[in-house]
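Chemist: With the hints as your guide, set chains R and Z onto chain B.
Protein chains in written order, with our numbering: chain B, 12 to 134; chain R, 7 to 186; chain Z, 277 to 419.
Keep in mind the hints are simulated off the structure, nothing from the lab.
All clues given are correct.
Heads up, simulated DSBU-like pairs for lysine-lysine below, C-alpha to C-alpha not over 35 Å straight-line:
no., chain 1, residue 1, chain 2, residue 2
1, B, LYS131, R, LYS88
2, Z, LYS287, R, LYS83
3, B, LYS131, R, LYS83
Here are the simulated distance ranges between beta carbons:
no., chain 1, residue 1, chain 2, residue 2, range
4, Z, GLU380, R, GLU86, 55 to 61 Å
5, R, THR167, Z, TYR368, 17 to 23 Å
6, Z, ILE280, R, GLU86, 31 to 37 Å
7, B, GLU127, R, THR111, 43 to 49 Å
8, R, LEU11, Z, TYR299, 30 to 36 Å
9, Z, ASP340, R, GLY160, 25 to 31 Å
10, R, ARG126, B, ALA15, 22 to 28 Å
11, B, ALA15, R, GLY160, 34 to 40 Å
12, B, GLU111, Z, ARG283, 30 to 36 Å
13, R, GLY171, Z, ARG283, 31 to 37 Å
14, R, THR111, Z, ASP340, 44 to 50 Å
15, Z, ASN278, R, LYS138, 54 to 60 Å
Just so it is clear, CB atoms sit at the ideal spot from N, CA and C, and this is done for glycine as well.
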Amino acid sequence: MNTAGHFAYFGAIFLMMAGLYIVIARNNLVKKLVGLGMFQTSVYILYIAPGKLVGATSPIIAEGVTLYSNPLPHVLILTAIVVGVATLALGLALVVRIREAYGTIEEDELLEADAEVERKQAE
Amino acid sequence: MIDALIVAALLAMMAAIAVAIVRQRNLFGVIVLFGAYSFIMATTLAALDAPDVAMTEAAVGAGISTVLMLGALHLVKTMEAKPAEGAIGPLVVVILVGVLVAYGTLGLPSFSDPQSPIHRHVAPRYLEEGLKETGVPNIVTAVLASYRGYDTLGETTVVFTAGIGVIALLRRRRRQEPGK
Amino acid sequence: MNDIVLRVVGKLLIPFAVLFALYVQFHGDFGPGGGFQAGVIVAAAVVFYALIYGLAEARRVVPDRVVEAMVALGVLLYAGVGVAGIVLGGNYLDYFVLHANPVEGQHRGIFWVEAGVAITVSGVMLKIFYLFAGRGRDEPPVP
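In isolation and in its complexed conformation, chain B is listed as follows (with noise of 0.2 Å):
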């Protein structure tokens, strides 16, 4: 089994699985956001890595050129990007205000100020 081939996908991997130790691993919400932000721009690589032929160029007809890169995964890719960065914003705003509302943007912090309100709520 030729696993060389693989190195594309491994290293998505590698740069997915940080991210997401990042989301799962640490408190506070604007690292979150950004390892979540690594996970998205990782899973890139692993599309368009099998899109490519060594040989081949850009998928924009040109005169003289015999072979393309597929443009499929590009145009995956590119809505990826865009929504990715909705995301981004959307996440960030939800932080503003969290930090209004709690004072504060650690996750520990917020799930025990959560609970303080319960706990008052049950008496």
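Modeler: Just chains R and Z now, with coordinates in the frame of chain B:
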């Protein structure tokens, strides 16, 4: 061969920056490192013959994303994340998931394999007929705007929705008159 | 900002950035580019202006009303091209009915569709920047 080496070197640089982002606690440093990560990602995409995607990733990831995150950082007035306690659980989960996904990608085509299914189904038809049917030499634009135009309409609607979502969250309301 | 280097360089570079955005938009058919890239570059140029000359100046040059109108106008334009396809006899988002020559119709459809995408993307990015940058100040509430 040289293409594979270039892509591997760029991926190694991105992995180093990823590890630095995981360990960095200063939020301003995290955002700057993320901007550098986006730039190297754009270079990798250009090395993979995707100039449209590279331009978009450079403009969006290293430009607008960084500005928005710095703006939000100023509003939350926090410069340092709290030090993380060294729990081993998330690391184990992440390594397990990584190994499983890597095993799953063994079924994907190797780097630069012209016989793989994605090069033999719809893509050759777009590359051959695209210029004749749409008159547009950039096949990515032809597919994006003409062949798969519905998807782009959906994406524009997603951007619009995100815009009005942020407006709804961050708009300041007019102060109520006292007594109303 | 009173830094003379930034102000001079800004005044020299921002027009070229906007020109480059228009180039990327209209030559997206013949080279890399298209609506998204052009929209983001226009937004980045105005953000650059706001960083150098202040948010109030940027709000004077590109007012809030205009940006909010751009956000909605792009999607309306895109959907309008689809409805034009129905009105002229085809299905939704058919481009070949937009002109007697079907390839010319494709050109027209792609042109207006990319214009709609660029308008919405630049409007949304700019509006989000205005909201983030304007929130931390104690200014009177704007509608």
